[in-house]
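**Q** These protein sequences, in sequence, are chains S, V and D.
Letter by letter, the first sequence follows residues 1 to 396 of the working numbering.
Letter by letter, the second sequence follows residues 1001 to 1065 of the working numbering.
Letter by letter, the third sequence follows residues 2001 to 2166 of the working numbering.
Treat the hints as calculated values from the structure; they're not laboratory data.
Here a beta-carbon is modelled for each residue, glycine too, at the ideal position from N, C-alpha and C.
Treat each hint with caution, since some may be false.
Claimed, not checked - Under 8 angstroms between C-beta atoms, here's a sample of chain D residues computed to sit facing chain S:
{"hint": "1", "residue": "L2026"}
{"hint": "2", "residue": "F2030"}
{"hint": "3", "residue": "L2107"}
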Amino acid sequence: MIISKKPVRSLTAILIGLISSVAMANPVEDTTHVKTETASHTEQVAHETANHETEAHTEKHEALSPKEKINEHIQHHLADSYDFTLYSDEEAGTHVGFPLPVILIDDGLKVFSASAFHHGETVANVDGAYYKLVHNKIYKTDAEGTLELDHHGHPTNEMPLNFSITKNVFSLLITSLLLFLMFTALARTYKKGPNNLPTGFSRVLEPLVLFVRDEIARPNIGEKKYKKFMPFLLTVFFLIWLLNLIGLTPLGINVTGNIAVTFCLAFVTLIITNFSANKDYWGHIFWMPGVPAPMKIILAPIEVLGIFTKPFSLMIRLFANITAGHAVMMGLLAIIFLFKNLLGTGGSIGVSLALTTFISLIELLVAFLQAFIFTMMSSLFIGMAVQEHDHHDDHH
Amino acid sequence: MGTIPNLVGAGLIVIGAGLGLGKIGGSAMDAIARQPEAAGKIQTAMIIIGALLEGLAFGALILGA
Amino acid sequence: MEKLLNDFSYGLFFWQLVILTILILLLAKFAWKPILNSLSEREEGIKSALESAENARKEMQDLQADNQRILNEARAERDTMLKEAREMKEKIVADAKTEAQAQGLKLIEQAKAAIESEKNAAMAELKLQVSSLSLSIAEKLLKDELSNTEAQTKLVEKMLGDVKLN
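Input sequences plus hints: build the corresponding full structure.
**A** Structure representation (structure tokens):
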């Protein structure tokens, strides 16, 4: 599925020449896999690639229509997981990838490999406690793995505190390491003096740093105070961008399309904004100057709400954009399976490829744009919080 | 996928957001046509307002879904 | 919304918060600070270089203006000197001319006076000579004429006839 993105990746890599650090991960065999799949379309669509988990309902797969299957696959892709699966064959039941550590706090710290779950097929026995993986959630259970389901079909078993190094955490760590290496390399080039120009990849990074400083931080925060917030803004900008770009690779990573990640980013913005806010900012929130007293009373709760809606919109925007991008891309790739009767195998692959290429290019833009907008908005909010209001009566 | 009212609501949100984005984009184009030298500033402002609108629309979609 | 809340992974949030904080701190220390410092340093360097270039240009201009001024002054001085010299020359020439004229006139006067006096002296001499000569002639004549009485009377008569009575 994601393999068909490969030409898109190469194309965009040539076009942009920026993502040199991200290699094409999937082997060529995958493409042939897609073809054999489409040829034997009456059989179940066994094509499951990145971050797939077979979970507990393998038998149910037989009964699912292709549409439902695709839906489920997209859901799988968008969700986090406990092992880094690059490729899995459902028919053969093989998974190519590596498990990640699971860290649970349940009567003390319990660390074990996610391979103990066998992709949700077995119950993990850790120090006498039994855990089962259902729909990406770890439930405490008994030796047989019995689950008590409520009327929605959700298990009601006890859930231990879960601080596992999931695929997203792992990707985050790798990305952070990459960022750190990239920018320390850039910083090293200046050791020989400020006029020593960076070479190679660092040369691309320097104008980007300047872009963040001159186009985002300076105009929005103000000449005097922007320096203090530069580390946060630069880190967030490059982290989001790199995560977005890595999300576009065939590795099947979807970090910025996870609400917990965007919530964390927005949360940090909220904290920084409100802790660096000056008296004017709070004055404008609780007792808006220059409006009649009854209005002040009405405005105060709205403004207080505004403190939280601003980062909330940041969170939702990034999450929704990336999730939507991934979903659309996967949906377009699903054309291969859905329209192969109508268009023929070659036709459906062609249509899917053309559309996916187009969307990939747009997603490449979106990856940058979302990083830019997140940073821009953060600096705008910070700017609002720290700016000096000299003319209270003029603009109210 | 949600229920029928959810989907209708989502449709309404998208219509509203689309109209808003169209207005922003159109006005920005007008402004750029009038003052091509200020294109950079207008674009930044356009993106900011677009992003605000987007946040609003997404917020509504997600709260509704 | 419900699904999102249901899917919200506090573990991921926790790790993201930890990683992000550490990343910001690490990058701030090892990357952003040196990068931004060097960039602003470079900008300052370029700015000051431009300023000094501008200053140098101004100084050069000042210097050139000075040079021009000095040159102009020198030229003016030379001109005045030349003018003065010319005037002096003219004056000297004129003076010499007038003096020479005066001298010449004086010499001419002197020469004239000398000539006059010489002429007078010559005249006087001539007169003396002529008178003495005529006297001797007259004496000789008279001696000759007046050797007889008749001739004496005749002369007296003739002389008397010449005298006109007015």
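**Q** Taking the closest Cβ pair, is D/L2026 under 8 angstroms from chain S?
**A** This hint holds: D/L2026 lies near chain S, its Cβ roughly 6 angstroms from the closest one there, short of 8 angstroms.
**Q** Can you verify the interface hint for D/F2030: is its Cβ closer than 8 angstroms to any Cβ in chain S?
**A** Interface hint status for D/F2030: holds (5 angstroms vs cutoff 8 angstroms).
**Q** Return the status of the interface hint for D/L2107: holds when the least beta-carbon distance to chain S is below 8 angstroms, violated otherwise.
**A** The hint is violated - D/L2107 has no Cβ within 8 angstroms of chain S, the shortest such distance being about 93 angstroms.
Violation of the numbered hints given earlier is confined to hint 3; every other hint is satisfied by the structure.
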